Structure formats: structure tokens, C-alpha cells
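A.B. asks: Sequence:
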Amino acid sequence: MPSVNNDQSARQRNKARFKPAVLAMAIASVCAATSVQADGRLEGSYKVEASNIGLQGALVRIEELNLETTTARDGSFEFPPVKAGTYTLTVNYLGAETQSRKVVVTDNQLNTESFVLASSDKTEEVLVIGHASNINRALNRQRAADNIVSVVNADAIGQLPDANAAESLRRIPGVSVELDQGEGRKVSIRGLSPDLNSVTINGATVPSPDKGDRSVNLDVVSSDLLESLEVTKSITPDMDADSIGGSVNIKSLSAYDRDGFFYKLNAEGSKDDNTGDTSPKLAGTVSDIFSVGDGTDNLGVAAGISWQKRKFGSDNVETGGKWAFEDDGTAKLEEVELRDYQITRERLGATLNFDYKLNRDNELYLRTLYSEFKDTELRNSVTAEFDSPVSAGETGEIKEPKRELKDREEIQKIVSTVLGGTSRNDAWTIDYSVSYSHAEEKKPDATESAFESSSNFEGRFNDTKKPKITAVDGFYQASNYELKEVEVSDSKTTDKLYNFKLDITRDFDWNDNPAMVKFGGKISRRDKDADEDVLKYEDFPNPGMASFVKGNVDYSLGRFGPEINPSAVRSALGSAQEKEEDKEKSVIEDYTMQEDINAAYLMGRVDVEKWRFLTGVRYEGTDFTAEGYQFDKEPDEIATKRKVSKDYDHWLPALHARYRINDNTLVRAAWTHSVVRPTFEQARPGVLIDEDKAELGNPDLKPVESSNLDLGIEHYMGRAGVISAFVFYKDLENFIYSTDVAGTPGRYESFDEAKIALNGDSGHVYGLELAYSKQFSELPYPFNGLLINANATFADSKAEVEGAKDNKLVKRDIALPGQSDVTANLVLGYELDRLSLRLSTNYKSSYLDEVTRVSDKRFDLYVDDYTQMDFTASYQLTDELNVFFQAVNLTDEAFYKYTGKEKYNAQYEEYGTAWKLGVTLSNF
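Mapping of the sequence shown onto the numbering used here: position 20 corresponds to residue 249, and the numbering continues sequentially without gaps.
Source of the hints: derived by calculation from the structure; they are not laboratory data.
Every value quoted in this text rests on a predicted model; they were computed, and no experiment measured them.
Accuracy of the hints is not assured; some may be wrong.
In silico lysine-lysine, BS3-like type, Cα no more than 30 angstroms apart, as pairs [said to hold, decoys possible]: (1) Lys697 with Lys1126; (2) Lys695 with Lys1126; (3) Lys1037 with Lys695; (4) Lys561 with Lys500; (5) Lys808 with Lys870; (6) Lys812 with Lys538; (7) Lys812 with Lys671; (8) Lys586 with Lys312; (9) Lys628 with Lys500; (10) Lys872 with Lys635; (11) Lys725 with Lys713; (12) Lys922 with Lys631; (13) Lys561 with Lys1086; (14) Lys1145 with Lys1040; (15) Lys561 with Lys603; (16) Lys765 with Lys671; (17) Lys1086 with Lys1145; (18) Lys694 with Lys312; (19) Lys721 with Lys631; (20) Lys312 with Lys540; (21) Lys870 with Lys694; (22) Lys603 with Lys725; (23) Lys779 with Lys870; (24) Lys672 with Lys721; (25) Lys814 with Lys694; (26) Lys635 with Lys984; (27) Lys586 with Lys671; (28) Lys631 with Lys694; (29) Lys814 with Lys628.
Label-pair distances were calculated between CB atoms; the ranges are [as the list claims (entries may be wrong)]: (30) Thr504 with Val1112: 20 to 30 angstroms; (31) Asp921 with Leu1146: 56 to 66 angstroms; (32) Asn654 with Thr605: 53 to 63 angstroms; (33) Lys1130 with Thr854: 42 to 52 angstroms; (34) Leu1146 with Tyr1010: 49 to 59 angstroms; (35) Asn654 with Val896: 44 to 54 angstroms; (36) Asp702 with Ser991: 18 to 28 angstroms; (37) Ser991 with Asn654: 16 to 26 angstroms; (38) Tyr958 with Arg799: 34 to 44 angstroms; (39) Arg799 with Asp702: 21 to 31 angstroms.
Cβ coordinates follow ideal geometry from the N, Cα and C atoms, glycine included.
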């Protein structure tokens, strides 16, 4: 693969250093041109009268100046310096009456105004407590944003049966999840692949524990430790540009989210239908505010811990797309594998956060989050390969079938620490932070054992969607199998990320219009390392499978046969006559990568009557270095180290506009640019050559670039009410796909198979996002407890790919992998007095998962549409004690992947329903 010219790289680095200097001079010019015209100070708070809880997201406006701000998470607000005079100050919060008063601002003086939400006709309770109130609080934050965002907060998360952060996010408009063993894992936004999104924790980018991915497995993060989840769909220049679908920010709790001492304890038990196992879960959070030194309520401390140990399983049958297609469109089966999973999944999470107010103008904070995810998996499998392809119902010969046991423990960890602060000086505000994030994945002492039969057996299958094997008795008898090989592997992947970020904001008047200029930068240093060692054991003195089994596998998709005992396999390792390193597997997946990103931006905002404009540009310069191996299997298994490096940069302009028809109706538009770098699997320098077959990483891949357009309208309707519609368009360049280029002219001409990731020329995505939420409080009792929360996203995409056919490159159009045409959510709720009921449904339409042969679309792999229905019921026994019941996957929806047509299986997996019963003790 071509290497980067060193002289050219040096010129690019010098050029990259020059560009931030140009941006810095532009920032200095802007600041020199602005002036502060007044120095009166106005601040205050908006809280609930009885409980003193702060309300976040309220709009606070000085009417005569058209100057607007929003309340922070503790309910406080602050304006930049304003001219001396008498003004009308208003506070508007969805679902509450707008409050207004006259205030007097004096030069060089501080004026503090306190607003309270008074108790009246249960208004306070409705706005602060319950599922509808949680929607209401999220909508206030959404309305106040300069850009297009969607929010879900902690209490709403706790009122639905979501085990992790990914499952909580799927309730947001335009968001769906990819599943692993029936649990949400990765997040898809607006129908796009998780690889095109970014994830941050408390504003700090989260590295990925997976070996090959950038996308973060959010099933690692427990939902019990979250304060809120925010999805940004149109990024601003002060944000990292690494999101095309959207950016997810996970916020952990702060003591200032509540008033004074707060605690919440949760205990639950669950039962899995598939296995009959029961599982415990415990969680607790606590926070308080202290007065230290000469300050008053100036130190906030919040802590939380969550633990769950869940036992469950799944039944699986998959072909992996191994069908022989006929000219008439029908297909015959070549091979099928039956799999039974027994899983113990343990989550441990903890958070400890500090907020310290040195004085009214200076604040410090420390945010920490620790998450550990441990999966212990036993997977029994049996593989039936037919001597020649057979149709459903046709008897064929299963040649030398194989039974395997995978016995492994996977441990994933994510640690995030952010130390930062805010300083204010008249019209200036400085925000700064330094963060360290660490992710890792370990698979210690994992074994994979293979038992093979030297005999052939007659058998057949029926049902092309869920192939069920029926064979002669000999196929199921342990006496016909012998232990041929055991692989023992140790692997570890680490991903470390260091960030320093500085943001400087100056408020000023521009032609008597409130304005702001913001500039800053970010330094990011990332190190990704992967290492695996594999030992192979063979030639066992007593290989008969009969001594390695412990009964039959409990399998719902047909007759399976004997279950392999993992302890017996491990005990036999010491007696193996042959033990050697698997050089290929121990080398080809090893790599180290360094990715350094330097960013700077300039951004401005101005309010002109009912318009708000925000514009700016972001610069990102990237240095990338990677080391890996090329492994040639023939003739002598030679490993050669490969090192590559390159650098590149991007200028990324943005323009956001918001028009306020009134306080509750907004029109938004955005034009943004984003860039997503290749995954580590795609960009690794590893190359495997096995005679005429090759698998190649491609470190020369270009990042995916996107120009994004968004336009929409939001109308807020009192308590928990909103209706919105957004259209979006994304124009992609250099999108990445996997293909086979064997036989094409050049370096791949002599290969029969050459798999590699390549850049496509262009692609596009367009769609419509709709959302509706309403609490029908105007209806007569008891119907005033009804609640509907619904959203749907409709998307389409197109891209061109190319691959080998008859020693030539051919092209065809596809949908972008991972893109669903329709994603939707519906929550039907009822809240009355102490009773709360919710029935939630999540839908995701089918999508293209992988193009295996560009030359033949019949072998494309698709994930079928998926609909999951969950139910929650809770009752408030006392003001502090709540009991709840939850049912997850009520309709027993299965995961299904197919090959070309829906009738031809690639993978089918059943999980069953999970039932939960628990209690929550809280003083909120």
C-alpha cells in the first residue's frame, strides 16, 4: 500500500501549524472591535417554592434589550453586563405561568432577583414529579438551545425499563439502538450507522473498549448513574466535529441538581423467560450541599453506585449467508450452525462528583464515572455442512459435522475524569477543562474447543428462515465425535484519550443587538493498542467426546445434542501432546495507533428582534501514526512490521438560525460540516496473505466528510407538550465500505480474494423527523392522567460502491450500511395520584448490514425490522417508597438477519421476555 511522502508530510504539518495562527489573528481582531457598553449586573434564580428545587431550562428575558438567557441545572441565571436603567424581567417555563417584574439596574452594582414556582392546584407537583414532568423538564432545555437537540433526564430514564444508557437513548426522536443478546448496545441516530456518531461523558470524548471500533458500547454504562442524556443533531463550531448522525453527551449527577440532602435507593429482581434464571440489581445515589470556608452552600458532593448480575441466554441458528443461489432466484443451503448461549452479565458502575464555588465569579468541578461490564459466556454450537447444497425438505449428506464450545470472559471498562472550571469577569467568561478517559477490553484465558466427526450423516432441514436440522441419531451421539483442537487466547485492547479544552466568551452589544463572540481550542491525544496471544492444543490421548459432556443442550429451535462440559475441556489441556503458538492469530490483530488532533474555532451569535443567528468555523488538524504486521502464511509464516503515518486537516464552517414566532413556537435551520475518521479496524496496517487470498487494513483511508442541512419547526404546548417536524439532508464524501477487489489490475490481480475497506466517492442521506408529546390535563377526571409521547424518523440514502467481477471493477448503488428507513417510538402513559402506567414500543425498520459481494446483491446481509414492546407499572406507597413492575420484550421479538431476501436466513436469535419487580426509596 502506498506510503506517505515524508517531505509532503512536513509541508502539511507546517501548513497545519499556520492555519490556527490565522484563526487566532481573526479572533484577536474580533475582540478588539467589540466593546462593553455598560457594567450593571443582573442575576437570580428560579426554584420551586416548597422544595427549593431549581428548574433548569427556563427562559429569562430582559424585554427592552431583547436579551435572553436560560436557567442552569441549579435554577440560577446570570446576564452579561447591561446598561443602567429600569427593565422588564420575565421568566417563562413550559407548563407554568409566565412571571414578570420591573427591575432596576445600576452601574457597577449587582441586582439579584429570585423567582419561585408557587404551589397552586397541584401545579408544582405536576411540573416537578412524575413522568410527564420529566418530559417537561427535558423540553424546556430543548427549547432553550441554540441548535437542534433532544434531551431525556434521569427521572424519565428511571421510569422505563432501560438497563443501560443505550436503551435510555432510544426513547429520543430519531434514535434507535443495535442489540447484543437482546440488550441495547450501540446507538444509531437518524437511521445512520453508530460509526457515524460520537459519544461524550460530561463533555469529554469517550474512547471505545472494542478492538476495531470508534463507536462506544453504551451497554457498559448503567442508566442508574445518569443525570441526563443529550443528543445534538446539529453541531456548533465549539463542539468536536466527529459526528454526522449526531453527538451523544452523557451527564452524570451533580449535587446542584437537587436542593440539599438527596438520596435514592433502588433494589430489583428479574427473571429471564429463556433460562428461568433470576437476577438481582442494586443501585443508590446520594448528594448534599455544604458550606465551607466563608462560603454559603458552595460545595456540592454527589455519589452513586450501581451493581447488577444478570443470568440469561439465547437460542440461535445461523447460516452466515452460505446459500447457493439459482438463476430463478431460489437458493439451496450449504451450511448451518446451531448456537446455544448461556450468559452471566455483570455491571458495576460508580460516580463521584464535586462542585465548588470559590466565589460568585469562579467555579470548579470534578466529574468522574467508572463503568465495568463483565460477560461470562458459554456457547455450545454444532455445524452441519452439506456435501452438496440442498433445498428445504431435501435429504443430503452432512459431511464430518463439528461441535464446539466457546468459554470466555469478556471484561470492558470505561473510566472518565474531567476537571474543569468557569471564571467570569464582567463581559468575559472563560471555561476550561482537562480530561482523561480510559477504555479497555480484556478476554483472559478464553478457550474454544472443537470436536469433529470423521463420519458423514444423512440429514435435512426445513424452514429457510429458521433452519431446523433433522438428522439420523448418529449425528447427535457424542461417541461419534473426538476432540481435535483447543485454542486458548489472551487478548487486551486499551484506548486512552487525553484532552485539554479552553473556551473564551465575550458578550457585547452590536448595533444595539445582544451579541456574543466565542473562541477557543482543544488538544486531543489518543493511544489505541491491541494485543492477542493464541496457543493451540492438539493430539489428546483420550479425545472421545463422551467424556467431555454433561447432558443435552436446552435448545428451543430443534434437537441439538450433547452439552460440552467446560471444566472437562480445561482439565484435558495438560494432557495434550502438541502445544504451539498460533502465529497468525497472535500477530495479525496486534497494532498500536496514535491519533493527535489540534482544534481551534471562532464563533459568534447575535439576536436581531425575533431572530437568533449563530455562525463560525472550526479547524481540526490530525496526525495519525500506526504500527502493525503483514503476515505471509506461505511458505514460512513470516511476520513483517509495518509502520504508516499521515496528517491532514479540515476547515468546518457552520451557520445556525432560530426564529421565535412566540415563546412557544420556534423555527430552526442549520448548515453544518462534520468529519468522521475511519474505524481502527478499517485503518489498521495489518495485512494477511494466504497464497491467493488476502485481508488488508487500509491506513490510507480518508475520513468521511459531510455537509448537513436541517430545517424544522417546534411548537410547545404547555405541560409535557410539543409537536415538531424537521427535515434533514446530508451530503457525504469519502464514505467507507468493505469490498473484494481480487483480480483487478494492479497489486490485487493475482488474488482470488482480496478484502479491504475503501472510500466511496459520494453518498447522501435525507429524511423527515416528527415528534409529538402531550399530557391531556385539560380532560375531565380521570382521563386527565393520559399521556402520549410519540416520534418517528423517515430516512433514505444512496451511495455507489465498486468491487471485483470477472477481473474487472463493477459498480452499483446501495443504501448506506446501518441506515434504517423508519425508526419510531410510542409511549402510552397514565398517571393519576400515586399510580403510573406506561406501555412503550420501539420500532426500527430493516437495514443493510454488510455488502459481501459487490458483484452480486443476492449475498448482501440485511438486519430485519425489529419491534420491542415494554411495560412499566409503579405505585407510590408513601412519599418516599415506590414499588414497580416491568416487563421487557413483551412480544418476545427475535433478532433476524437475512441474505438478499427475507426468506433466507443469515442469523436468527431468540431471547424471550424478562420480568422485573423492585422498590425505590427516595426523599425526592
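A.B. asks: Quick one: which hint numbers does this structure break? Sort them smallest to largest.
C.D. replies: Result: hints 3, 4, 6, 9, 10, 11, 14, 15, 17, 18, 20, 21, 23, 25, 27, 34, 35, 36, 37 and 38 break, sorted rising.
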